[in-house]
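Build the full structure now, drawing on both the sequences and the hints.
2 protein chains.
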Amino acid sequence: MILLDGKKTASEIRSELKEEISKLVEQGKKVPGLVAILVGENPASEIYVKSKAKDCEEIGMKSKVERLAGNISEEHLLDLVKKYNNDENFHGILVQLPLPKHINEEKIIEAISPKKDVDGFHPISMGNLVIGKDTFVSCTPAGIQELLIRYKIETRGKHVVVLGRSNIVGKPIANIMLQKKDGANSIVTICHSAAKDISIYTKQADILIAAIGSPNFVKADMVKEGVVVVDVGINRIEDKNSSRGYKIVGDVDFDEVAPKSSYITPVPGGVGLMTRAMLLKNTFKAYKMYCE
Amino acid sequence: MILLDGKKTASEIRSELKEEISKLVEQGKKVPGLVAILVGENPASEIYVKSKAKDCEEIGMKSKVERLAGNISEEHLLDLVKKYNNDENFHGILVQLPLPKHINEEKIIEAISPKKDVDGFHPISMGNLVIGKDTFVSCTPAGIQELLIRYKIETRGKHVVVLGRSNIVGKPIANIMLQKKDGANSIVTICHSAAKDISIYTKQADILIAAIGSPNFVKADMVKEGVVVVDVGINRIEDKNSSRGYKIVGDVDFDEVAPKSSYITPVPGGVGLMTRAMLLKNTFKAYKMYCE
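Residue numbers (the numbering used here), protein chains in the order written: chain X, -15 to 276; chain E, -15 to 276.
Simulated from the structure, these hints should not be mistaken for laboratory data.
We treat Cβ as the ideally placed atom computed from N, Cα and C, and that holds for glycine.
Keep in mind that the hints are not guaranteed to be accurate.
As the list claims (entries may be wrong) - The list that follows gives simulated cross-link-like pairs (lysine-lysine, BS3-like), each with its CA atoms no further than 30 Å apart:
#1 K165(X) with K117(E)
#2 K244(X) with K180(E)
#3 K208(E) with K203(X)
#4 K99(X) with K91(E)
#5 K180(X) with K244(E)
#6 K208(X) with K180(E)
#7 K117(X) with K67(E)
Said to hold, decoys possible - What the simulated footprint calls covered on chain E by chain X, stretch by stretch (three residues with Cβ under 8 Å from a Cβ of chain X suffice, anywhere in the stretch; the number is not a length):
#8 140 to 154
#9 179 to 193
Structure representation (structure tokens):
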């Protein structure tokens, strides 16, 4: 069993980007920039945005956090997004979700220029992904594919089984893996809560991608020997032995499933860190595609 | 075995639309309009466009065919599309594909207003389909779902196996059937040429959708008893008994597979006619959403 080490791989990606950016600086060029827009007070969002800014700093990428009061109008936020659509110093725009309820998230996401849509949530980005055009892929599915590629895991003709059909993980990763491209070209099954017996599908997986948000859901008897497991779940469960009173576990029962796996991502230390790294990579891509 | 009769169902849809449109006329309202743009001379395209115009006429929908010489410039075509984007008499715009090689098809498709994209080929339409927003779905996959719904075929929790991953059939129908919606909510497997043994997947299908363009590809030993078969293939094969010298067959060997099926579409007389009917339905929808 080999661990798909998201921490190490994300660190490699940051190093590569840092080198690219230092070359730009040497050449006296502008550096890529990412702006994160945060509306209202949400402790989790605050942590995410801070860690994203820290990542940018580490690799020499320009970053800015726009903090707005929770009671600002939708129009105000739209104006701010438009301002950054036209700001040549920022190549990626990230609106941290969730937004307060009086603001229409879809409308805000659709206002972001597709050229700066580094979260890949714009319908145009999703459509281009499905069609097979080069586009911004949302960070978690992009990170999953990157991890498989860097570990040289064969995907061509393999059966990828995706658990979960969310717009930010399940649907995009399914649509990525079925493309006739390197690092994909898989037979893909997407299953979800409507399945009568989900293990019929999970047992067939050469590569199992679990993204349902249900702690330790996948057990050893649900997978076949030698499966590659990518665990997207980040679930808090009670842990009396921890000083925090809880611990983070994935959607896969790691202790049970790891011995049967050929490769498996740990939680934490797996997909989550890849997601953060792919945001940087997408921002760098936006810079390369539309600025340089 | 019950035949999924595309001819009858398409005719029902046309009747329903005809009634809706006659109500509009009674009320003295504008009627929905569809413009088809045909570039160059292509006998197949000419037939398609003519049959679409005939369908419009039958139901009282306004229609127009713009015929352009094969050597017109991309810019000329773009200007024409833009003109119809702003023409309030036409609610649907159809650019008949394929276009001559000197014209970039993607660019033309993306120039069509998403509000008039009745073919559903615009990346925004595809993205919204995946995300689960109400949008224009391309006519063949929309017709397949409509047929399943009208025959009251249970789809929830059923295993839908899609053969083929084209942008106009395989990918959209897979993304439709996995949505948490009525007439969908299925477990979906999408398989294609990279599969080592495709029958592993086809044998599991509760509903098999074949869209690979390979005549009589699916045989009886590849499906299970009671399968629902939707055959999207339209293939010409030699037929010495026919005065034309050929006949049209699907991707499924009908004579072999029909006896094992609970429901099956014939070819011709199945999905092809539904495709035509859905174009009318999409145009009517465009009218309802953005005009009335």
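Going through the hints against the structure:
no. : hint                 : verdict
1   : K165(X) with K117(E) : 27 Å, holds
2   : K244(X) with K180(E) : 24 Å, holds
3   : K208(E) with K203(X) : 29 Å, holds
4   : K99(X) with K91(E)   : 16 Å, holds
5   : K180(X) with K244(E) : 24 Å, holds
6   : K208(X) with K180(E) : 18 Å, holds
7   : K117(X) with K67(E)  : 27 Å, holds
8   : 140 to 154           : holds (count 4)
9   : 179 to 193           : holds (count 3)
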